[in-house]
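Enquirer: My request is simple: use the sequences and hints to build the entire structure.
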Amino acid sequence: MKIRLLAGLLALGLGTAACGGATVGDSPSSAPAAAGSSAASAGTVKIAINPWVGYEASANVVAYLLKNELHYDVEMPEIKEQLAWEGFETGDVDVIIENWGHPDLKKQYIEEKKVAVEAGSTGNKGVIGWYIPKWMADEHPDITDYKNLNKYADMFKTSESGDKGQLLFGDPSYVSNEEALIKNLKLNFKVVVGGSEAALIKSAQQAQEQKKPLLFYFWDPHWLFSKTELVRVKLPAYTEGCDADPKKVACDYPEMDLDKIVSKKFADTGGKAYELVKNFNWTNEDQNSVSNDMTNNGMTGEEAAKKWVEANTAKWQAWIPK
Amino acid sequence: MSTTAVSTPSRLRLPRWAAPAGIAVLFVVAYLVFRGTATLPHDKEAPQFLAVTGLREWIDDHRNDNPIFLYFLNYIRLFVGQLYDLFEVVLYALGWPGITGVLGALGWLAGGRRLALLAVASVSAFGVLGLWEPSVDTLALVAVAVLLSLAIGIPLGVWAGLSPRARRVITPVLDVMQIMPTFAYLAPLALFFHIGAPAGAIATMIYSIPPAIRITALAVSQVSPTAVEASTSLGATRAQTLFKVYLPLARPTMALAVNQTIMMALSMVVIANLISAPGLGGDIIRGLSRAQVGIMLPAGVAVVIMAVLLDRMTMAVSKRGPHARPGRFDWAAAGVLAVAGLALIPVLPKTWPENLTVNVVSEINDAVRWAENNWYAVTTFVKDVTTEGLLNPLQTLFTSAPWWLVALAVLLLAWRVSGVRPALTALGCLLAILLLGIWHHTMQTLTTVVIAVLVTLVIGLLLGVAAARSPRYSAVQRPILDAAQTMPAFVYLLPALALFGTTRFTAIFASVIYAVPPVVRLVEDGIKGVPPTVVEAAASAGSTSGQLLWKVQLPMARRAILLAANQGIVMTLAMVVVGGLVGAGALGYDVVVGFSQRADFGMGFIAGIATVLLGVMLDRITQGADRRPSPRRRRLTS
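Going down the list, the sequences are from chains A and B. Under numbering that gives the first Met the number 0, read the first sequence as residues 0 to 321, first letter to last. Under numbering that gives the first Met the number 0, read the second sequence as residues 0 to 637, first letter to last.
The set of hints was computed from the structure by calculation and includes no laboratory data. Virtual Cβ for every residue (Gly too), placed ideally from N, Cα, C. Check before you lean on any hint, since a few could be wrong.
Chain B side only, calculated, beta carbon under 8 angstroms to chain A, not exhaustive [to be verified]:
id, residue
1, 41
2, 47
3, 113
4, 362
5, 366
6, 391
7, 479
8, 588
9, 596
If you only want the chain A side, here are some residues facing chain B, beta carbon under 8 angstroms, derived [claimed, not checked]:
id, residue
10, 89
11, 195
12, 197
13, 297
14, 301
Here are the simulated EDC-like cross-link-like pairs (lysine to aspartate or glutamate), alpha carbons at most 16 angstroms apart as the crow flies [claimed, not checked]:
id, chain 1, residue 1, chain 2, residue 2
15, A, 113, B, 60
16, B, 43, A, 244
17, A, 106, B, 60
18, A, 112, B, 59
19, A, 112, B, 42
20, A, 182, B, 44
21, A, 105, B, 60
22, A, 105, B, 59
23, A, 271, A, 68
24, A, 247, B, 64
25, A, 156, B, 383
26, A, 66, A, 301
27, A, 201, B, 44
28, A, 189, A, 159
29, A, 189, B, 64
30, A, 246, B, 44
31, A, 112, B, 56
32, A, 277, A, 301
33, A, 112, B, 60
34, A, 246, B, 42
Expert: Put into structure tokens, the structure is as follows:
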């Protein structure tokens, strides 16, 4: 009997998907997503969540406004940076709220596949770099130049890096030139993956408090800079196109204008929700205050977003479509 | 070369350990001489990796215009996706009153009042934990995967049960499928079925099919031949014999197949989240990537609750005799429950009311932070001593030894323990890893596995021997082992992560606690299985209890202990690879990176294959004991 039922379902499935063959875009998973929603909902918006708190801050504020001002349902699936772009194609993702560059993905998904579109800047300026705690720069002023890093490599040894210095990295999905930089700048260092933003923060705080040497990958905007004094290590200056070939990168990260990417479908049919996402624009300070509340003041994303929204009415009023 | 060297001294009647010791010395000398030569350092841009990455790019570009995808693979994806959506819609439409009522009714039918109560309590627990929606998503995903697994697995199992020839074809395939660590499935699936719920359901399904087939085949082949004979001699057609004799008689055991399929599916749904399948896995991965045990623990608890509930329900069905049916009272009670639940759908809110949830995230995080700060000295000491004293030297040994020396060692070891054919298979696997260009990371993973297995075996032997010698201790330990074996693997990552942060040691710790329970059980059973007459004879000959253990019980339980080692290795490998999520590095980490960085997809894909090869290799080395039974064989024998 089970088999008969299954056969019926199979026939149904094949029947609905016309005879022209099935494309991934036919993905059904977007259709009944509103199943769990209340009757008054204007629709469902899926904002991908990437694993760093600044991203979550932006996503939570936008989600809060979508829910409470425009009465949308919001889903926030945990999908890593590059996978989220694939989600545009399968219908699992509508919005990436904070995109760090990714020119290759833009070319592939926006220009070639035409399943995504840009939705403007978030107003945040993002820059990735290598950092050390300030006490190290005070004790060894020349350590902030990459040319002298090898001289100090011994200080950075750990049980995970063996006989090389350790360069602590974050989540495996983060934008990264670290391997190439170490190779091309001939540094006697090894990338050790901490696995998460939290691991980076914890190590940075320990390095400051217990005066432990640490060289780590980090980025601005981040609330940590207002709590712990960090100094950036100078890598060869960024010039236009020096990071074109990922294997030959030997220069620092550029300052990036962080932007929003949405699926083509959402841009076409998202209505007011799309307008709100497009209008969303705030400063690094705004984001840091929300992410600080989320990390250090024990608030959930929703609570932190609510607090910011209540204190900054004028700012978000401008984003709400008329 | 080393074999010729040992044949001469054997004539001099040296003690038995001389040959192995001689070979060992030769290996040490060879290592010291050739150290650092013929090593194969890891190259992220190996042509093999780039080829696979290129293939993926090609597939990505042609997913919607290549006929294989257009007319075949995408249909499968679409069908599974629609099935998932169907379940999701139905479950969400039922809302929590409906789901509670229906599951309560099913629980009552399966095992009476107590199970009904358990079902209601469990479903409420999902809500109380604040995880209503992800729990329902997970339930839908498990339902789809289990339904499809059974739809495919039961017919295959029946076929394998009836035809020995079919069984001979299917068994080795199942063997490999069961050694394969869960992680290895993901990359190929993402390649062919993209990401999202359908791909997640298919991944889960592939993982949960083997027990469905295996146990069904067992159930059918165990049906008494007299019953079959009687049926055919009365002139029943083959179909009649199948449906009226085989299947009803095999039903209790087949309920076990359902049980095992569900358990396997539940342990996979979390990992399926790595390819963006929805559900509780999302919270676990979220917690992992923020290093917050507080986010993971409630989700982990929810999965365990779901596992326990479904386990108890299906076990209750399988324990009933073939003719037992629920009485009229049971039907009435179940009916009342279901109707009450359904009737309440319009009245109560569909999702769990938020003011009834208990949010313990920050409390758990605080507790973990407390443990971290207060036990920091001890945990760091343990971690550093193990890493510096054991892990790093062994890793240096494996990675700096010439590849041919490692291959030779594997060949001889497998030969000695398991015989010629397994040895050749093991060697073949190792050479394939070599050709795939991922030697260095494989050696690193091997290091972690070897250490984890050694620790597991030491602990397992101690606890197993203790349990075998003291029935009272065994009675305390057994229920704990039972519970531990019901839990999905990743649950063990949580305490490990809380105590040790993200390092290779974390993965070792997690895999040890994952693999110890079955090892303890096998050792205990092995020692208890030593015939009492033998023990009696030894005791009356004046053996002390220590002599009894070392000279009689342990040697006679050798097979069981080898089997325990084999099980321990397979389970440890699976866990060490999952440990890529918590800093284990090497192959497991390559797989994780393969999902998150497009440029490294090929490396992740190949790392997945290498994991499988490593698993087969380790399995063949230790296979000498017996044909490998399924990891949950105890349920069949108990």
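Enquirer: A separate judgement is required for each hint: does it hold in the structure or not?
Expert: Comparing the hints with the structure gives:
no. : hint            : in the structure
1   : 41              : 11 angstroms, violated
2   : 47              : 17 angstroms, violated
3   : 113             : 28 angstroms, violated
4   : 362             : 10 angstroms, violated
5   : 366             : 14 angstroms, violated
6   : 391             : 7 angstroms, holds
7   : 479             : 30 angstroms, violated
8   : 588             : 7 angstroms, holds
9   : 596             : 6 angstroms, holds
10  : 89              : 5 angstroms, holds
11  : 195             : 5 angstroms, holds
12  : 197             : 4 angstroms, holds
13  : 297             : 5 angstroms, holds
14  : 301             : 11 angstroms, violated
15  : 113(A) - 60(B)  : 12 angstroms, holds
16  : 43(B) - 244(A)  : 15 angstroms, holds
17  : 106(A) - 60(B)  : 12 angstroms, holds
18  : 112(A) - 59(B)  : 10 angstroms, holds
19  : 112(A) - 42(B)  : 31 angstroms, violated
20  : 182(A) - 44(B)  : 13 angstroms, holds
21  : 105(A) - 60(B)  : 14 angstroms, holds
22  : 105(A) - 59(B)  : 15 angstroms, holds
23  : 271(A) - 68(A)  : 11 angstroms, holds
24  : 247(A) - 64(B)  : 34 angstroms, violated
25  : 156(A) - 383(B) : 13 angstroms, holds
26  : 66(A) - 301(A)  : 11 angstroms, holds
27  : 201(A) - 44(B)  : 32 angstroms, violated
28  : 189(A) - 159(A) : 9 angstroms, holds
29  : 189(A) - 64(B)  : 43 angstroms, violated
30  : 246(A) - 44(B)  : 9 angstroms, holds
31  : 112(A) - 56(B)  : 12 angstroms, holds
32  : 277(A) - 301(A) : 21 angstroms, violated
33  : 112(A) - 60(B)  : 8 angstroms, holds
34  : 246(A) - 42(B)  : 12 angstroms, holds
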